[in-house]
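Number of protein chains: 2
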Amino acid sequence: MPEVASAPITITAYDWVPGFARGLVRDLRVRWALEEVGLDYRVEYLPQGTQKEPAHRQRQPFGQVPTFEDGEVKLFESGAIVLHIADRAPGLLPAGPNARARTAEWVFAALNTVEPPLSDWAIATLFEADQPWSEPRQPAIRERIDERLGELSRRLGDNEWLEGEFCAGDLMMIAVLQMLRGEIADLLNRYPNLAEYRKRGEARPAYARALAAHLAGFTGDPPEGWTED
Amino acid sequence: MPEVASAPITITAYDWVPGFARGLVRDLRVRWALEEVGLDYRVEYLPQGTQKEPAHRQRQPFGQVPTFEDGEVKLFESGAIVLHIADRAPGLLPAGPNARARTAEWVFAALNTVEPPLSDWAIATLFEADQPWSEPRQPAIRERIDERLGELSRRLGDNEWLEGEFCAGDLMMIAVLQMLRGEIADLLNRYPNLAEYRKRGEARPAYARALAAHLAGFTGDPPEGWTED
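Here the protein sequences come in this chain order: A and B. Everything in the first sequence is counted per the working numbering, starting at 1 for the first residue and increasing by one. Everything in the second sequence is counted per the working numbering, starting at 230 for the first residue and increasing by one.
Here chain A stands alone, though its shape is the one from the complex (with noise of 0.2 Å):
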């Protein structure tokens, strides 16, 4: 694995999450993008908590992961870091004309319009979980992303990608897509070729690779006093 200690490319990620955000924390995704492009990366694992001192919000001001230093660049947000690994090397942008364009296009589009619905589910089934609204919010928050979904569904069709050949935004998409699981699961399956779509992607050995190397890495401890549901 591209994981590799001498590496010119450093990303940060936690040492430790609980088990519904691993395979959904956003290093995955850069992790799998500098994958689909052969670079090799080393990762300096932070344990909880210390994301939000001073010496991680350096890096990002928000004080989370992951981050991307690549000795030219020291960059934060995974959309962004995603779009610089499809400039630097080969292998994230499609043929044709505008390919960079057409491709943050998508990436836009997975983190700004597909998302938000989804992050609405997160915050109400996980966040606000012990409040008396989380149940009756649920179903109006369901159909807004059936409508994503289905909008989604109609534009790709037949297509095995979304701009004929995988590019990162399709990556993106397909890690959005991600989050359809558990109780929202079956909206995806509604949508037979998103849920094709999204085992297209998971197929690829650069996916695979990022995964495995995204939960080796959860080593740390839980934060004191933390007990898993």
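Label pairs and their computed distance ranges (CB to CB): (1) B:Glu425 <-> A:Gly19: 36 to 46 Å; (2) A:Gly19 <-> B:Arg271: 48 to 58 Å; (3) B:Pro361 <-> A:Phe20: 22 to 32 Å; (4) B:Arg373 <-> A:Glu143: 20 to 30 Å; (5) A:Gln131 <-> B:Gly379: 21 to 31 Å.
Only pairs whose alpha carbons sit at most 16 Å apart, straight line, appear in this in silico EDC-like list of lysine to aspartate or glutamate: (6) B:Lys303 <-> A:Glu163; (7) A:Lys74 <-> B:Glu392; (8) B:Lys281 <-> B:Asp244; (9) B:Lys428 <-> B:Asp415; (10) A:Lys74 <-> A:Glu44; (11) B:Lys281 <-> A:Glu151; (12) A:Lys52 <-> B:Glu376; (13) A:Lys74 <-> A:Asp87; (14) B:Lys281 <-> A:Glu147; (15) A:Lys52 <-> B:Glu380; (16) B:Lys428 <-> B:Glu389; (17) A:Lys199 <-> A:Glu160; (18) B:Lys428 <-> B:Asp387; (19) A:Lys199 <-> A:Asp186; (20) A:Lys52 <-> A:Asp15; (21) B:Lys303 <-> B:Asp316; (22) A:Lys199 <-> A:Asp158; (23) B:Lys303 <-> B:Glu273.
Just a few of them, taken from the derived set where beta-carbon distance is under 7 Å, the chain A residues facing chain B: (24) Ala80; (25) Asn98; (26) Glu105; (27) Thr113.
Bear in mind the hints are in silico, worked out from the structure with no lab data behind them. Here a beta-carbon is modelled for each residue, glycine too, at the ideal position from N, C-alpha and C.
Following the hints, position chain B against chain A.
The following block gives chain B in isolation, referenced to the frame of chain A:
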């Protein structure tokens, strides 16, 4: 104003939106970018409802505005459009190396980190305004907004712009900060450097031209049966 009928660039916008959305519909972000770099454009105005019809969904699979077409490329997602404009003409990238990556980082931070709790506020106070949980949810949403503003305020510090010179990242961040109005306007005022930052952006002649054109475009009628609260 560079809204020119014969311009090679066409964007789409609505011919009517309710008062609360004027100044926030995302065609304004694209108009502002075009004004900053001095590219003429023309606008195809969509009557409410037609954005969800097949003709527009060909351009925008999610049935939204704006879209962008310049003869070379057809794009949707205002983040991708603004980055494409920054590539096409000088004026929206900072000086120094990796200007595009540093700009993209802040465009994504605006849309994917700072905007989400502001969008959640809009959901709670507009779409869910008549729900019993609209009120009780608001304090937690205000806290999430305030956390992001505090983090952005600390990063901006005494700087005029996020990357030294005004760039597309400032444009998008300031457009997102404009969502702080009405009941949440007070949150911005807790951070004088952010309030001043937004004012600096709004004082730019390109922004004034973009806003005037955006507002002048609302010449259509509300949908059947619309009643402004």
